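There are 2 protein chains.
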Amino acid sequence: MRAATLTTKDKILQAAAEIAMEVGPVHLSLDAVARRAGLSKGGLLYTFPTKAKLLEALVEHHVAEFDESLRMQEARRNHKVNSVVQACIEVYRAEFVLNEPEPSGILAAIANDPSFIDPIRRYNKQLLDRMKENSEDPTMALIAFLTIEGLRSLKLLDMDTLTHEDQIAAIDGLRQLFAPCDPDKPSQPATG
Amino acid sequence: MRAATLTTKDKILQAAAEIAMEVGPVHLSLDAVARRAGLSKGGLLYTFPTKAKLLEALVEHHVAEFDESLRMQEARRNHKVNSVVQACIEVYRAEFVLNEPEPSGILAAIANDPSFIDPIRRYNKQLLDRMKENSEDPTMALIAFLTIEGLRSLKLLDMDTLTHEDQIAAIDGLRQLFAPCDPDKPSQPATG
DNA sequence: TTGACTTTACCGTCCGGACGGTACAGTAAA
DNA sequence: TTTACTGTACCGTCCGGACGGTAAAGTCAA
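Chains A and B, in that order, give the protein sequences.
The C-terminal position of the first sequence is numbered 192 in the working numbering, with every residue numbered one higher than the one before it.
The C-terminal position of the second sequence is numbered 384 in the working numbering, with every residue numbered one higher than the one before it.
Short derived list, chain A residues pointing at chain B, Cβ under 7 Å:
1) V26
2) L128
3) L142
Which bits of chain B does chain A cover? Going by a derived footprint, with three or more residues having C-beta under 8 Å, they are:
4) 205–218
5) 301–313
6) 326–333
7) 343–353
8) 358–372
Simulated from the structure, these hints should not be mistaken for lab results.
Source: prediction; values computed, not measured.
Every residue gets a Cβ at the ideal spot worked out from N, C-alpha and C, and that includes glycine.
Assemble the whole structure, with the sequences as input and the hints as a guide.
This is the structure:
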């Protein structure tokens, strides 16, 4: 487990996600992943003993990354009203601003076995509950959740339905809908 | 081409979509589809000469069905403001109320070849444009589009993140956000 | 209305290739 | 000496698709 350069595991995960997005999850072969990651098939099988383990890791990695970003955003908003929704918006916004192409590879996992989605299912359910609890208007929390889910799904499927400007407009629109309207915070925070 | 009972083509399409959702698009084999549809592999290949043609038909079918429903909903709302957004909401609502499980199979198509998504890409782009043009507030149109896209993606991935009540709440919430607030139409139409 | 022919809608078999996974010998750094 | 691989060779299975056949339904002239 090195830290300076990209871990072998990370290289493999990234390669797998890229290939899946390029040629489609069906044609995601271990041979191709190994080649793209710059190691042999033996080396790949050494790191991930089966294809299923690789796909599982893909999903785990995706959830873990999102959760980490979310908790960071939440931390700076001490459980105030709408803070979970706001944090979600900001996580998506940060991804978008950094222009992460995010070929997450979860599509590949699901395509191989629908049950790989279970962790995401659980995570999202829990996240939505927290959003609703923390919000003034549970229905608006739902809509916020779904809007972000919509944005994420478009990215997941590599759809350029929204232009860059549209995406900014959507994010800003969401932000305003859930902006803190307290007098002590007259406008949106410029924290990003 | 009979009309009384389900067409062979439709049976195949349905079988393919079902299998894809059950075992994952990767394991969608022509043999399995043929078996499920109640014919031989030869018969299947007679109807769809290649797997690609089958997947293409899956996507086409999906888009065509949605478009038909949408146009019907639009027809009863003569180009009034927000009518496109409203129509979209009602189409989703109708699907939901009828409890269509919609194993649409487009995931299978995309999984086999990402370029199969192109027709959907084009369709959605055009739809979003129409939504924005037809709406008072383009940003809110965006949010409506994304919310519905969120709902659709959850269904596409077979996610039960939202309970039945949540879905109703989300749809009703959307409806209210885009309800005609003209004096001549004081409340939501009960047309459903 | 019969016989000749075409079209439609399949069936069953087979083949080549791709893929997941195994086995194992070797190697270079730490 | 262990860890983290490389590289090669190979196995068994599955799958897409080609192909040859066939039974029934329709067409049409005599």
